[in-house]
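Taken in sequence, the protein lines are chains V and B.
Counting in the working numbering, the first sequence tops out at residue 325, every number present.
Counting in the working numbering, the second sequence tops out at residue 1090, every number present.
Derived from the structure by calculation, the hints contain no laboratory data.
Quick reminder that beta carbons are idealized off the backbone N, C-alpha and C, glycines included.
Heads up, a few of these hints could be off.
[Stated by the list, open to error] What the simulated footprint calls covered on chain V by chain B, stretch by stretch (three residues with Cβ under 8 Å from a Cβ of chain B suffice, anywhere in the stretch; the number is not a length):
#	stretch
1	155–163
2	279–287
3	310–319
[Claimed, not checked] Below, simulated SDA-like cross-link-like pairs (lysine to any residue); rule was C-alpha separation at most 20 Å, straight line:
#	chain 1	residue 1	chain 2	residue 2
4	B	K1021	V	K141
5	V	K141	V	E172
6	B	K1021	V	Q271
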Amino acid sequence: MATETEVLRTPQGFGGVGSTSPESQAEGLYSDVPPCSDDFGPFCPTYGDHSLLLGFGPIRLRLEGLSARQAALLMQRYGRFRATGGRVTARVRLGPARVPHFLYHRPGVFERYRMERRQDGRTLTLWSYEFAGRLDVEARKADLRLVEPEGVLHDRGLENYLRVLTASFVLEAGGFLLHGAGIVRDGKAFVFFGPSGAGKTTITQLSPDDLVLSDDLTLVVRTPRGYEAAGIPFGLAHHHVPESAGSFPIDSFNMLVQAAAVRRTELAPAQALAEIAGCLPFVMQDTAQSARGLDNVANVVWEVPVHRLEFRKDASFWNVLTEAS
Amino acid sequence: MDLSLALARNPNAAYRVYDGKATIVLPEHAAVHVLNEVGSFVWDRLDGQRTLATIVDEVAATYEVSPDQAHQDVAAFVAALLEQKMVRQP
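Model the full structure from these sequences, guided by the hints.
Below is the structure:
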């Protein structure tokens, strides 16, 4: 008899940050500036009065307070995900921040992307280097302050905040956001998951003729037809922008392991649960969301096969996947 | 290990027992733990009410091992849980 506890994996967050932020030097601020109540509220300015409704899976996010230019730029990037109807999951009002940064990143020093959170009753506040957002959980209204009106810092702040909101809201719909690649072949979605470096982007590059939903974050949603996979539009600059706003029935989940030969073995349910749970970004820092995430993953594992996929860097893994399905 | 202690699971830990094994998420450490069947059996009983002595007896009876063996295994396991702040004294 033996008892054991094994740390499988740290749930994934963001990647590292290696850029510099000279604007913080200009202000003479060399430390974190956590947001306070003055940063949010109806009297804080917005960029303008334009809006955009985005839809992906069961999520509908309405971005408000945009300038005409911002709305046009966002339409260029997210146009495929523009929605015209459906129940709005949350409204996100954008406006300029009062400070040049919220978290401070010392120029030239590599650090893992940090994000802080604070929950006060029905209010959840999140902040990082380039954004601070306050969500009224019950009213489904968020106030998002960005340090730049456009450009890299703006895009990163906006997308990171929306990714976190997406990860939270999809839990309520019985799904989850997975640190994984999603590829559609013959109408079925194959989901490949694993930590950074596992090979998710490689897998998508080895599938040039298939529909790629994501090479980084794939939405798993519950539908009346069963579990389906969808992409989210927030890929940041270095990730794949989904080629479709649709969702597709999931054939299987495949945990990526780089090896000399291709082999696929089914994971036992408990291990499948833990391996997938270890790849849920953003939500595992909160006990209630963790519990909900475990429930949702357990339900998915009950219905959809989860495999360990050993693969080498060629397309031969598809032979194993398509034979099995 | 003081067997009169009644340890409790970390209240911030989210966990589910699936297929006989406990999957545990500790938000403050952002880590996922998986316990085997015996570990899950012990984890389920760390409710702040049962003493470790009671749990040792239950392990010995359920898994048909000697009390000494059960004591040794439970003590080592609980020490690991304490070190990782997965349990605490109520």
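Outcome of the hint check:
1. 155–163: With 0 residues closer than 8 Å to chain B, the stretch 155–163 of chain V misses the three-residue bar; violated.
2. 279–287: holds (count 4)
3. 310–319: Violated: only 0 residues of the stretch 310–319 of chain V have a Cβ under 8 Å from chain B.
4. B/K1021 with V/K141: The given pair, whose Cα atoms are some 39 Å apart, is violated under the 20 Å limit.
5. V/K141 with V/E172: Answer holds: V/K141 to V/E172 is near 16 Å, not above 20 Å.
6. B/K1021 with V/Q271: Given that 20 Å is the threshold and the Cα spacing comes to 9 Å, the pair holds.
When held up to the earlier numbered hints, the structure conflicts with 1, 3 and 4 and fits the remainder.
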